[in-house]
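In order, the protein sequences belong to chains A and B.
Heads up, the first sequence is in my numbering, so the first residue is 1 and it goes up one at a time.
Heads up, the second sequence is in my numbering, so the first residue is 211 and it goes up one at a time.
Any given hint could turn out to be false.
What the hints assert, rightly or not - Restricting the straight-line Cα-Cα distance to at most 27 Å, the calculated cross-link-like pairs of lysine-lysine (DSSO-like) are: (1) B:257 to B:228; (2) B:339 to B:444; (3) B:228 to A:92; (4) B:369 to B:344; (5) B:444 to B:347; (6) B:369 to A:92; (7) A:92 to B:257; (8) B:444 to B:344; (9) B:369 to B:347; (10) B:227 to B:339; (11) B:344 to A:92; (12) B:340 to B:369; (13) B:340 to A:92; (14) B:339 to A:92; (15) A:156 to A:184; (16) A:92 to B:227.
Read the hints as simulated data drawn from the structure, not as lab findings.
What you are looking at is a predicted structure, and each value in this text was computed from that prediction instead of being measured.
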Amino acid sequence: MGLPPGYRARQELMDRDRLRRTLARMAHEILERHPDMANTLLVGVQTRGVPLARRLARLMAAAGGSEPRVGALDITLYRDDLTTIAAHPVLKGTDIPGTIDGRTVVLVDDVLYTGRTVRAALDELVDFGRPARIALAVLVDRGHRELPIRADYVGKTITTARDEIVQVMLEEEDGEDRVVLLEKVKEKAPTAGAGRARPPAQRARRGVRR
Amino acid sequence: MLDTADRLREVLDRPIKKVPALRGKTVVNLFYEASTRTRASFEMAQKVLSADSLSIAAATSSVQKGETLLDTARNLEAMNPDMIVIRHASSGAPHFLARHCRSSIVNAGDGAHEHPTQALLDALTLRQKKGRLKGLKVAIVGDVLHSRVARSNAWLLGKMGAQVVLCAPPTLMPPGLERLAAVTHRIDEALEGADAVMMLRLQTERMTGGYFPTTREYHVRFGLTEERVRRARKDVVILHPGPMNRGVEIASEVADGPYSVILDQVTNGVAVRMAVLYLLLGGGEAAA
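Isolated chain B, as found in the complex (with noise of 0.2 Å):
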């Protein structure tokens, strides 16, 4: 997956954008829940790759007058396309689409749960900038009990040899972690010669109950600032799956530094779907 996502890099880089291995597919891209970045990235690579893209987003859709999940995904089955890359509110939405519908169907995120195509950006990056994954130590800082993106990287980079730390306060951090990576709730303990450090949002909209005091006493105990940054690695890059709240979780300077690699994780983002559209769509139907 990413040796066909470095490959197709490439395309982006043509003074013609589009190569037609897709030509003739229909994705569409059926979105709960707000995003920039990834239906962006996703459309991109649907157009880079010639398929035909539809985008819906359930604020505007028939959602709103009541239809559910799964009469949605029946309906716009009916209209024949090949795939749905999925993001949804709820943890299994993609599984359970799956089990009832025709297309393959990609996660794009799924409750809490899982967030496959930014882990897959973010080993990506990472291989980018070190060469390796394995041996890497990986600082995950933030509101890692709503993040689909911490779970999702802790599986995939541990599962490429690298060294996992997650880090937040207690009240955002769940319990069983310790089967997955490392766990801390001290900063300095996670960035202490780290080769990598991704920092999350919190997550306000998910949030119901108290979990911190205010968000100033939160970027003064767990906010990624110039001064922190100095405790990893001479060569540490930062990373951020966006969109960042500036002086919460991560300082602008930092963001803005020469240690970020944050846009490099959004153009990485369109190649590594792009490689998730091609090996699914662009090969015979002996893979599916």
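Chain A with its partners taken away, still in its complex shape (with noise of 0.2 Å):
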């Protein structure tokens, strides 16, 4: 996955190994609240959260003997800002495995911010069933919520400025598994009296402004 256009990355947050370490822990904490996996599904938000709670299943079988189901959610359809995000805001497909009813649902994404696309999630997956419970598990806690909604399983957290991106990527998804903050490339304010020509030497001793 490339830069997105205006950003820099400032800091790698977790390299492969971390990255690894980070699931197979959170695997373990996921299988110690919740033994019964018959009873347990990971349904994985669009798009790196699926990859992640095939992952998680993946983990927690290796740990417990049992592979919980995994699910994909897409919200797009239940987003509270379908009209201003996209023109035609594309689809990825939902496939809940089976009835959620009485069932222990974990939701998986891979960065939790604003909180906003797990009230989506948790309101489709309603529309789905009456599931005994709904646990959280992100990979990264960036701050910054806007509604009141908490994770339980956390793989990493992190202090972000708003205009700051966390970028995470994943084999499946972008052919390499790393954590990176982004920032924003800061606009050079125009220097003073720009309109008159200097000579080179004494505009680098000017050094950079911001």
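Hey, can you piece these two chains together into the complex? The hints should help.
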């Protein structure tokens, strides 16, 4: 996955090994609290929540013996910003295996930010039935909640600025496993007296203006 | 459009067949001609997407008192709908409305001109059953002269790379269609090796002259019988836009037989209309 225009990498938050160890730890945590795999369902929020859910399921099977079922949820039709995000928001598809009535559903997503995606996911999920409980697992919690929503299982919590982007890359989607913090490339402010031509040596001494 | 319809079809299998995507949007279904499938599936599509739906049948409206199309549309527009879905006996009626109205206009069939959502649902059905559209041999047989379904399908399927053959008795085949598809007056030629066969009804309600001697003779010469189906490929699919006149253009055994995908077409019709509504109303203003 390339950089979105106008952004550059500021810091690597997780390299491949870190990401994989974090997922393994989260899988153990989920398994510890919900040992009944037959009645547990991991539902990934499209797009990157889905491969994360699949990986967690496999890690849980490796640790505990049986693999919970995995579903996918496309929240596009439930977004509260549907008319503003794009001319034709692309649908990725929803697939919930079996029933969720009376089961434990663990929603899985890559980044928890404002919480609006999770709100949409909850609304969509309850249209499928009545789960016994819904828990939330996220790889990164970057703060700035706009709704009263919190994650039960968190890979890493970081403080971010609103104009930064947390970019999660997964082998299944992006060809590599990495989490990077991106910052906006700041525009250089025009130097004072820009109308007058200055000899290069003097300009260099001024340094970079922000 | 087809991919979006594919994704949206899943909503029809949910326990709660409703998503809030078009909440607060209003669509008026303005039907000047009779319809079962098209109107019902547009209404269903609207309701599943949580849009508000209002259906007006000309037969029970003030059109009976002489109100013009433009006045009808303008009066409805004054109630602020987001979209008007129109079926009309005159070719070009939706285009006329689009020039004079603010709302989005969707063509649910205009005269003998086009029926775009029908062609889309037929293409979706074919793609589902055959895995592709390119290179398919599709025979469209029946009253091509009066058929907007034939025109829309010939155009769309041709555009998607299928090989379309139109077949009708000479009295029911308009001149000039050779530009759009292959043309023949012999059903056996059309059916030979076909991947898909689409049968069209005789639109007697639009006929003012003698186009064929009797429906019995029409059935003998141009009807899709079990025997004729064997000329097509072993994995042929049989389509029909509906309504069917059993025993005229299509034998009952074929319509209800193992090759028929007629009811799949109807289900896909709801999905396709959901896609049309979603893509035209669900995004930002920039889309319009």
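These are the hints, each one checked on the structure:
Taking the CA atoms of residue 257 of chain B and residue 228 of chain B, the gap is about 7 Å. The hint holds against a cut of 27 Å. Of the supplied pair hints, the one linking residue 339 of chain B and residue 444 of chain B holds, its CA atoms being roughly 13 Å apart against a limit of 27 Å. With a CA separation close to 17 Å, the supplied pair residue 228 of chain B and residue 92 of chain A stays within the 27 Å bound. Distance hint between residue 369 of chain B and residue 344 of chain B is fulfilled; the C-alpha atoms sit about 9 Å from each other, no more than 27 Å.
Of the pairs offered as hints, the one joining residue 444 of chain B and residue 347 of chain B holds, with about 13 Å between alpha carbons and a cut-off of 27 Å not exceeded. At roughly 26 Å between alpha-carbon atoms, residue 369 of chain B and residue 92 of chain A fall within 27 Å of each other, so this suggested pair holds. A C-alpha spacing of about 21 Å is found between residue 92 of chain A and residue 257 of chain B, which places the hinted pair at or below 27 Å, so the restraint holds. Simply put, residue 444 of chain B and residue 344 of chain B have alpha-carbon atoms about 19 Å apart, close enough for the 27 Å limit, and the pair holds.
With a C-alpha separation of about 13 Å, the suggested pair residue 369 of chain B and residue 347 of chain B falls inside the 27 Å cut-off, and the hint holds. A hinted pair counts as satisfied when its Cα atoms are at most 27 Å apart, and residue 227 of chain B with residue 339 of chain B qualifies at roughly 24 Å. For the suggested pair residue 344 of chain B and residue 92 of chain A, the alpha carbons sit about 24 Å apart, so the restraint of at most 27 Å is met. Between residue 340 of chain B and residue 369 of chain B, the direct Cα distance comes to roughly 17 Å. Compliance with the 27 Å bound is thereby established for this hinted pair.
With a C-alpha separation of about 22 Å, the suggested pair residue 340 of chain B and residue 92 of chain A falls inside the 27 Å cut-off, and the hint holds. Taken as a hint, the residue 339 of chain B and residue 92 of chain A pair is honoured in the structure, with Cα atoms around 21 Å apart against an allowance of 27 Å. A distance of roughly 22 Å separates the Cα atoms of residue 156 of chain A and residue 184 of chain A; the hinted pair therefore holds under the 27 Å criterion. Our distance criterion of 27 Å between C-alpha atoms is met by residue 92 of chain A and residue 227 of chain B, whose separation comes to about 18 Å.
Checked against the numbered hints above, the structure violates none of them.
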